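2 protein chains.
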Amino acid sequence: MTYCVAIKLNAGLVFLSDSRTNAGVDQISTYSKMHTFGLDGARQFCLLTSGNLATAQGIVAQIRHDIDHGMPLSLMTLSSMDEAADYIGQLSVMQQKKAGGGIDFEASVLFGGQILGSAPDVFLIYPQGNHIATSRTTPFLQIGESKYGKPILDRILKPDTALHTAVLCGLVSMDSTMRSNVTVGPPIEVLAYKTDSLEMHNRLILEEDSDYLRELKRNWDERLKDAFRSLPPPAWATMWDQADGEAAAQQR
Amino acid sequence: MTYCVAIKLNAGLVFLSDSRTNAGVDQISTYSKMHTFGLDGARQFCLLTSGNLATAQGIVAQIRHDIDHGMPLSLMTLSSMDEAADYIGQLSVMQQKKAGGGIDFEASVLFGGQILGSAPDVFLIYPQGNHIATSRTTPFLQIGESKYGKPILDRILKPDTALHTAVLCGLVSMDSTMRSNVTVGPPIEVLAYKTDSLEMHNRLILEEDSDYLRELKRNWDERLKDAFRSLPPPAWATMWDQADGEAAAQQR
Numbered sequence: 001m002t003y004c005v006a007i008k009l010n011a012g013l014v015f016l017s018d019s020r021t022n023a024g025v026d027q028i029s030t031y032s033k034m035h036t037f038g039l040d041g042a043r044q045f046c047l048l049t050s051g052n053l054a055t056a057q058g059i060v061a062q063i064r065h066d067i068d069h070g071m072p073l074s075l076m077t078l079s080s081m082d083e084a085a086d087y088i089g090q091l092s093v094m095q096q097k098k099a100g101g102g103i104d105f106e107a108s109v110l111f112g113g114q115i116l117g118s119a120p121d122v123f124l125i126y127p128q129g130n131h132i133a134t135s136r137t138t139p140f141l142q143i144g145e146s147k148y149g150k151p152i153l154d155r156i157l158k159p160d161t162a163l164h165t166a167v168l169c170g171l172v173s174m175d176s177t178m179r180s181n182v183t184v185g186p187p188i189e190v191l192a193y194k195t196d197s198l199e200m201h202n203r204l205i206l207e208e209d210s211d212y213l214r215e216l217k218r219n220w221d222e223r224l225k226d227a228f229r230s231l232p233p234p235a236w237a238t239m240w241d242q243a244d245g246e247a248a249a250q251q252r
Numbered sequence: 001m002t003y004c005v006a007i008k009l010n011a012g013l014v015f016l017s018d019s020r021t022n023a024g025v026d027q028i029s030t031y032s033k034m035h036t037f038g039l040d041g042a043r044q045f046c047l048l049t050s051g052n053l054a055t056a057q058g059i060v061a062q063i064r065h066d067i068d069h070g071m072p073l074s075l076m077t078l079s080s081m082d083e084a085a086d087y088i089g090q091l092s093v094m095q096q097k098k099a100g101g102g103i104d105f106e107a108s109v110l111f112g113g114q115i116l117g118s119a120p121d122v123f124l125i126y127p128q129g130n131h132i133a134t135s136r137t138t139p140f141l142q143i144g145e146s147k148y149g150k151p152i153l154d155r156i157l158k159p160d161t162a163l164h165t166a167v168l169c170g171l172v173s174m175d176s177t178m179r180s181n182v183t184v185g186p187p188i189e190v191l192a193y194k195t196d197s198l199e200m201h202n203r204l205i206l207e208e209d210s211d212y213l214r215e216l217k218r219n220w221d222e223r224l225k226d227a228f229r230s231l232p233p234p235a236w237a238t239m240w241d242q243a244d245g246e247a248a249a250q251q252r
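Order-wise, the sequence lines are chains D and X.
Just so it is clear: in the first sequence, position 66 is 66 by our numbering, and no numbers are missing.
Just so it is clear: in the second sequence, position 83 is 83 by our numbering, and no numbers are missing.
Just so you know, these hints were derived from the structure itself, not from any lab.
Heads up, a few of these hints could be off.
Each pair may be met inside one copy or between any two copies, as identical chains are not told apart.
With a cut-off of at most 27 Å between alpha-carbon atoms, the simulated DSSO-like pairs for lysine-lysine come out as follows [to be verified]:
1. K225 <-> K158
2. K217 <-> K158
3. K217 <-> K98
In this text, all values refer to a predicted model and were calculated from it rather than measured experimentally.
Using the sequences plus the hints, can you model the full thing?
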């Protein structure tokens, strides 16, 4: 499985991805799902992939091929983020057709970035090739095993959230997902793109043995348990326990 | 959709269920998914259902019919929790066959309780009629929209957790699920069964306008955000923001 998140803030874009790939549970490998393309000062793109690995690698290879061979249609020539998303959707459909089509060969893609002169944007590109954007009320998009980690994103992320807060929130979301689903795992890749910077240098790979990941996991677990313990206990249910104590006492 | 949890603790059993039923998004109704059967001092059972509503209601109707007509095989005659779970599995398969079979008519059931002389138990009964139990490392079972609310259960629940703590944890899990998925909704039903009590009087229905539910929602949201805010910010990502501030300053 996979878990990837892309977040669109006023301050910029944040991308997070896990790196676990599996075909069944007895064939687990590590592949980066984060791919970047760009020309400093002109345009920057980041791609996160889930689904069939061959389809995903095929999309990335074709993007690179089109750039390297100076094709008329490539991420270096398209004039808007929306057109670029359409282009990637077409590559995805093409790759799936090459393999015979069908649900087994599907891939979903998170695609974001900025082209000089336009605002940054983020899209979720479906296996069918069409795409959706974020909105002010839903400033993030997810692919893969998205449910475990969604509640914390729902609660924290707003368009005016700071980049580092969104990174932290994404990592907490990733931690919850890894705790509940073994098919999502490190290394975790993080990329933060600052609006109008037109460069993608804020990138980090947190390996399996990362001190930071381990500390975050411990810290969040502790704080979440503290938060839970600090909730006022339901008076009615506490009474159920007391009655229980009495019954137990009588039985002794 | 549906979200139901059954928890097995040393102190007893806890059952929670939502009450939203939908066929598409334009046909939403409220149905209790919690059904209890028993004879005080002798045996007590609780059933939570998800999936096809006709199948679920058919199972419950047949259980009642078998009890009311003093059939040789009923929840009042079976001698173990395991046999009782098999019996309900058979009723479920029967109901699905009556409707022609297929995935549309499937139902999953959480079934728990206690028979005098044996320990309490909880099972998840699959649409195919077979079942699984909890374990010391996994003291809870879920049916329906289970992923959003699983992380908090994973973190908090242990076999020695108190009944009222498990109730609170189940309600927090339910709150996270309702926040992220509109097809899960109140009234929320709660039942706590105390080991060896052989009575099921600790039951509560929290309606949509419940002050307690509203307070819990507000409290948990606040505490979760506090917990998140108290996390040490990732030093590397904070630097990304600072650089951002400088870049923005230069541009002005």
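Hints, verified against the model:
1. K225 <-> K158: both (25 Å within a copy, 13 Å between copies)
2. K217 <-> K158: Both, since 23 Å and 19 Å are each at most 27 Å.
3. K217 <-> K98: neither (41 Å within a copy, 49 Å between copies)
In this structure, the one hint that does not hold is number 3.
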